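We have chain A; now place chain B onto it with these hints.
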Amino acid sequence: MSAAIEAAKLTKRYTSTMALDEVEFAIPTGRIVGLIGPNGAGKTTALKAILGLIDFDGSLNVLGMDPRKSREALMTEVCFIADVAVLPKWISVSQAIDFVEAIHPRFQRARCEQFLARTKLKPKQKVKHMSKGMIVQLHLALVMAIDAKLLVLDEPTLGLDILYRKQFYQSLLEDYFDEEKTIVVTTHQVEEIEHILTDLMFIRDGRIVLDTSMESLGQRFMEVMVDAEHAEAARHLNPMDERSVFGKHIFLFDGIERAKLEALGDVRRPAVSDLFVATMKGIYA
Amino acid sequence: MKTFYWLIKREFWENRGSFFWAPVITAGVFIVFHVIGLAQAQFTTHAISASSINSIVDQMNNGHGDLVGLALDMSMYGVTAMVYLVTGITLFFYCLGSLFDDRNDRSYLFWKSLPISDRDTVLSKVASATVLAPVIATVVGILAGLLLLLLTIIAAAFYGIHGWALLGNTHPFRVMGLLLASIPVSLVWALPAVGWLMLCSAWARSKPFLWATVIPLGSGAMLYWLDVLGVINFGGWFWHNIVVRVFISIVPWSWFPKSFDGSIFKGLKTPDQITTVAHEMLNLGHIWAQLLKPEFWGGALLGIAMIIAAIWLRRWRTET
Chain A
1 MSAAIEAAKL TKRYTSTMAL DEVEFAIPTG RIVGLIGPNG AGKTTALKAI
51 LGLIDFDGSL NVLGMDPRKS REALMTEVCF IADVAVLPKW ISVSQAIDFV
101 EAIHPRFQRA RCEQFLARTK LKPKQKVKHM SKGMIVQLHL ALVMAIDAKL
151 LVLDEPTLGL DILYRKQFYQ SLLEDYFDEE KTIVVTTHQV EEIEHILTDL
201 MFIRDGRIVL DTSMESLGQR FMEVMVDAEH AEAARHLNPM DERSVFGKHI
251 FLFDGIERAK LEALGDVRRP AVSDLFVATM KGIYA
Chain B
1 MKTFYWLIKR EFWENRGSFF WAPVITAGVF IVFHVIGLAQ AQFTTHAISA
51 SSINSIVDQM NNGHGDLVGL ALDMSMYGVT AMVYLVTGIT LFFYCLGSLF
101 DDRNDRSYLF WKSLPISDRD TVLSKVASAT VLAPVIATVV GILAGLLLLL
151 LTIIAAAFYG IHGWALLGNT HPFRVMGLLL ASIPVSLVWA LPAVGWLMLC
201 SAWARSKPFL WATVIPLGSG AMLYWLDVLG VINFGGWFWH NIVVRVFISI
251 VPWSWFPKSF DGSIFKGLKT PDQITTVAHE MLNLGHIWAQ LLKPEFWGGA
301 LLGIAMIIAA IWLRRWRTET
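Line by line, the protein sequences are chains A and B. In terms of our numbering, the first sequence has 120 at position 120, counting the first letter as 1, and numbering is strictly consecutive. In terms of our numbering, the second sequence has 278 at position 278, counting the first letter as 1, and numbering is strictly consecutive.
So that you can see chain A by itself, here it is in the shape it has in the complex (with noise of 0.2 Å):
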């Protein structure tokens, strides 16, 4: 199995910050890899180098290419959503079709308007008179007709309502996704992609602090449900975390044997989220 991206000292300094400080990472081929951090971690600047739209230091391989070099070529095999509602405000529905049906070898008319026929919209519609979520609509639908290898999506479904969030995710689960192609999504609804993903990467600034398979991920960290007596026990083993509900302490580890923990309490695989808060702890103090 071949490496869709590789990275190698990944760095990108701007003038008062470094937004990615010699990342190391490789995400092979047929994975969705979730890359999740805070506000400013460096997340969009490690999409916009792989995509080609930054200059940066260091070396970067997306299937095969150097984005910096070849980004026409690389943009036929990679396709992007980068924020949420980008398309021109005048294009139609049936000019955006038009347009990337002629600029796009890899494009299938018939799939888009299999796509757009489960949806509202209409061939004449522009984008300046639809709502957020049905130009995100139409914007995945031009996407997935896309026989891309790799796909990225930065923030895709950011101020959608929860229906269109799920739908949006479904989607690209459902009738996109095969072990051929490799998505790379970053949102800070995390909880909502979760069970889509088989690959979890943390960044925090400008590093990677995770990097890790969401089936290691369940062996490595867990989550511990302990009462009262026995909290004290579970503090020794040095927790990542610590929170309390009605009475009963949860603690997550790092590492810990899992008969050990098993010892003090229930034990299960941590939220994403929680998992998250606790690694990004004290990042904005």
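Hints in this document: simulated from the structure, not taken from any laboratory. As the structure is a prediction and not an experimental result, all values here were calculated from the model. Don't take each hint at face value.
Unchecked claim - Covered stretches of chain B, as calculated for chain A (at least 3 residues, CB under 8 Å): (1) 96-107; (2) 110-116; (3) 254-261.
As the list claims (entries may be wrong) - List time: in silico DMTMM-like cross-link candidates among lysine to aspartate or glutamate, alpha-carbon distance up to 25 Å: (4) B:K2 / A:D227; (5) A:K69 / A:E22; (6) A:K126 / B:D105; (7) A:K281 / A:D175.
All residues carry an ideal CB built from backbone N, CA and C; glycine is no exception.
Just chain B, lined up with the frame of chain A:
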């Protein structure tokens, strides 16, 4: 090639108002005034009084058909000039917005997600401003001019002047040919303005209009002042050849008034003299000879350099 065609088409979709409706409405207004003028007989809509129907009748009856023909040719040029002026104004703002607006509303992220090179994107906008819009304006101007001619012939018929007699003195095909043949001349002339405006459009993080106007006006005023003080001697040159160019040279035919020496108009009396001078100015040799002037090719080279810079900025400058 297919991509480029669609890029141009995209520009037309987005700017149908400035590229198509603005010239059509301008020509329409011109024609309406002309019709009012014809109907009121005394009412003169443009400088060349011969085209008011009374003068036409007088001149025809006095055997000055050639002068009437010239006036009618001039009214064809006249309506096209109005269309050019309006097109030039819309193109000024089109160029200023061409590489800024989509960064400002972030839709550049959609365009950049498609396999289109930044070079082609920028060049398609240059071609829209220097070829597509001027061709549309010229065609609209020509059609409006022909309509004017037809209306005048019909009106003259009511005064007993035979249509063929009138038409025989006009040169509609020459006018059309000259207007079409002048498009490349105007293109070369417009390049520095297009280049400057698009460079500002690609470069500005906000308010491209301010950058594009304040820099030339400010530096022009400063150099002019230094010139007045005697520190330098090219302040006037800079103002006329750089500052003014930024604002006017995007208007097709804006090179024309300076293409000849104003003194040729002095002492013109007989109809023969007038028509001779007119034909000297309005012929293919004269307008194409402009391309040899340094302000044409020199400006064009500068324009091309600025367009190349705009392509580079389009590639790497993404945020506003």
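Hint by hint, here is what the structure shows:
Counting residues of the stretch 96-107 of chain B whose CB lies closer than 8 Å to any CB of chain A gives 4, which reaches the minimum of 3, so the coverage claim holds. Coverage of the stretch 110-116 of chain B by chain A holds [criterion: at least 3 residues with CB-CB distance below 8 Å; count 7]. Counting residues of the stretch 254-261 of chain B whose CB falls under 8 Å from any CB of chain A gives 0; the rule of at least 3 is not met. This hinted pair does not check out: K2 of chain B and D227 of chain A have alpha carbons roughly 70 Å apart, beyond 25 Å.
Of the pairs offered as hints, the one joining K69 of chain A and E22 of chain A holds, with about 20 Å between alpha carbons and a cut-off of 25 Å not exceeded. Simply put, K126 of chain A and D105 of chain B have alpha-carbon atoms about 16 Å apart, close enough for the 25 Å limit, and the pair holds. The hinted pair formed by K281 of chain A and D175 of chain A fails the criterion: a straight-line CA distance of about 37 Å is larger than 25 Å.
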